[in-house]
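If you're matching them up, the sequences are chains A, B and C in order.
Residue 1 is where the first sequence starts when you use this note's numbering, and the numbers rise one by one after that.
Residue 214 is where the second sequence starts when you use this note's numbering, and the numbers rise one by one after that.
Residue 672 is where the third sequence starts when you use this note's numbering, and the numbers rise one by one after that.
Among these hints, one or two may not hold up.
A few chain B residues that face chain A, going by a derived Cβ cut-off under 10 angstroms, partial list only [unchecked claim]: (1) Ile245; (2) Ser275; (3) Gln282; (4) Asn287; (5) Thr347; (6) Leu366; (7) Gly385; (8) Lys388; (9) Gly389; (10) Ser391; (11) Asn433; (12) Gly435; (13) Gln507; (14) Met611.
Since the hints were made in silico from the structure, they are not lab data.
Idealized CB from N, CA, C, for every residue including glycine.
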Amino acid sequence: MTISHLKYKIQNLKQYEVSSRENILKVVLKNQPEERALPVIDIPVTTSHEEWVEALKKRLEILHVDVREVADYAALKDLLKQEAIPQDRTVTTISELSDVSTLIEAVKEDAHSLEDVDLAIIPAHFGVAENGAMWVTESLVKYRVLPFITQQLAIVVNRKDIVYNMHQAYQRIAGTNYDFGVFIAGPSKTADIEQSLVLGAHGPKGMTLYLLG
Amino acid sequence: MHSKVTNHADAAIQFNLDEPRVDWHDKTLWFIREKRDLASHALPEWEQLREYASQIKNNVLSNLSQYLQEFEKNAIANGVIVHWAADAAEHNQIVHEILKKHKVDRMVKSKSMLTEECGLNEHLEHNGIEVIDTDLGERIVQLAKEPPSHIVLPCIHWKKEEIGELFHEHLGTDKGASDPKYLTAAAREHLRETFLTRRVALTGVNFAVAETGEFVVSTNEGNADMGAHLADVHIACMGIEKIIPKQQHLSVFLRLLARSATGQPITTYSSHFKKPQPHQEMHLVLVDNGRSVQLGKEDFRNSLKCIRCAACMNTCPVYRRSGGHSYHNAVAGPIGSILTPNFDMRVNKDLPFASTLCGSCSNVCPVKIDIHDQLYKWRQVLMKEGLGPTTKNASMKMMGWVLSKPALYDISGKAARWVLKNTPFVVSNGMNPWFKQREMPAPPKESFKEWYKKNRKN
Amino acid sequence: MRVALFIPCYVDQFYPNVAIATLELLEKHGCKVTYPLKQTCCGQPMANSGYEHEAEGCSQLFAENFAGYDYIVCPSGSCTLHIKHHLHTEKNAPEEAHIRKTVYELCEFMVDVLKVDDIKASFPHKVGMHQSCHGQRGLHLSQMSELNAEPFSKPGSLLAMVKDVELIKLDRIDECCGFGGTFCVAEEAVSAKMGKDRVADHVRHEAEYITGADMSCLMHMEGILKRQNSKTKIIHIAEILNGIDN
């Protein structure tokens, strides 16, 4: 129990909340039907890892993600140097890239200070071929808001860390520790105005994926 | 624009006055149904996934009290402050208390159908608190001072020219500008400033995992994350039925949700909130608001399996031609028509009849809710309660009586044909709704029964 | 094989030719058909309106009329579905279960029970097939477009045996026509709009005839076609299969 939690409970605990909890649970228990078993989820994957990588590339193209295949960090650095826009504020949470971008090692200031970041380069634990989603947790981005507040997002993922579907994805996530985690599948987007797709609703307007190795 | 009519048929008449607009609305939503078909047909295991999702949700309902307690325990251990609300009023009060405690009079909110159901915005605004909806579609309808017409696509009933006009008035965009890119960029600027200056953010919840105490929020725009991560206080509100047992079950639901909703294989962001940030307070409000009672109704409980994908709305031929507001509730369409009579049978007695019982809704439902069967069952409940119009009660009684008496039926059948043939003006006038846009069938010279008696020896 | 002919009330009153075609078709394919003379209506109009409780007399009469046959066959998916799912009287006689089990819509009876593989009929026209929802989604006469599953169509396979029929393609292969029983008057605006849209799909693809296994949907669409002075006509599938060229 955190301090703020305790404080809150002591200061603001309302009698009605306690009774609501008990009442809700009582009625739910009375009304819930007899036990129904959970299914065993078994969706076999027959394709090969190389096919998954190809499927991922195809999916990302549909998601308007620019995919770049690079051999290693040295090659990635060369590429980033070549394409750097001098006046842009670029940050990264990847130590290998500290000489081409400002390295964020830990949370030091208010997250609002990131509002003018033009490009954030972050790693992902792994990617999912069926939907193009990259699994990113707080420890990889330091600031939770970073992949959302930046104008452009670049994600680096190892080629070997591509799985095919979400069942495999959650097998990888199982047992890992994170305070916040997010699947990111492309730049922020909306189609709320007459179903016309527009990139950059609130988050990044564009995304690049660097496939490493 | 929002119709105050609270009867579906009457609201549908209004909606159908502008036929080209009905065509446009129908085609827009059918396009989404087609995208859903493409996405679901591309997965060989689609029907298997629906079956898994249905079974998981059945299990949830059968263990809901245990899962709620497990979730609560784990969420508290993660540092989340958990609240319980018996009804909409208590939910609104809890949220208001949190804002008061932090001396905050403005907040951002990402899409939450639960807060629509509870009327949170109105409650807070009444108490002097400004709420800004950050989902683009929700912001549009909020500026227009009307409720969303669709749970996934809140302003699906708005044309871009009208949105351009609205933005010109409220956000100062160029007069006559209606390019979606331009309008979205304007909303982005306006809302970015808002995100940076609000200390409290409220989000909905798509799934809450009992096993880990985490909850998942799915968006395409990233508005839930922009709000929640920049705020000092994150409040998440969920109905008690949103619990799922295990983290691994997210794989099934995240594969189904966006494919069913928009045809995307997943939403852009699927955010897993487990612990608050070090400087942050994270509140979670568990809301009952009639759900625990609904759980006890055998015929209707499995509507609680709903994951709010809106596939049933997009496929519903009635919804597409009557618009979301004709259902006069936060959740419209077929699913709304079986959920809302649980809240108020009288006010929502028209909704189970706003359907042809075609069954398409049940077929697209990713958690296999028997929506059209429940619509049928609600009709029985409502009419047995005596909520039908007196004239209908009487005519149905008469019909039941005549049809149980073969001799009477033969006479009345002849009478019906005689009337049709001889006095067309009696039936072919404005009093008969059939005749408004359709001709009556031409009366034959004899019934089949009469023919049969003459032509076959029984 | 003793087959009882179950003719929906509105077909009996307004479309006797459909009933005659059904009777003749079954006889041609070797069935000994009886039409129980005391039948009236299955009770669906009341039940779908929420008045199952007023249809008890109807249901009892139905159970009395249709007891003791091998099969009950009906040229309407909707009425068949109602009996199959909702025929339960207070008496709960054992015949009721037998009736629910042996009631068939005409097309499914021809395909699944009679296993018809030859139809002596010709219909040299462009025909649009309307999938009535209760037959399709209720009785599974055809695969449903929402599902990720193998396509099939029982009425379609029968039509394929008819000489010279040209089946047209539709933009929306199984959207509801909007009839919906009392829905057609209670929600007139939406019902008529759905009907107009459904008809337009057939007309756009140059259908000379719209056919289907449910006369109620066809009656609704006929009403709209006639109001529009359209050249497109409706015809029940039994009439095509029986070899009547209108």
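Note to self: Hint compliance check: list the failing hint numbers for this structure, sorted ascending.
What the structure shows: 4, 7, 8, 9 and 14
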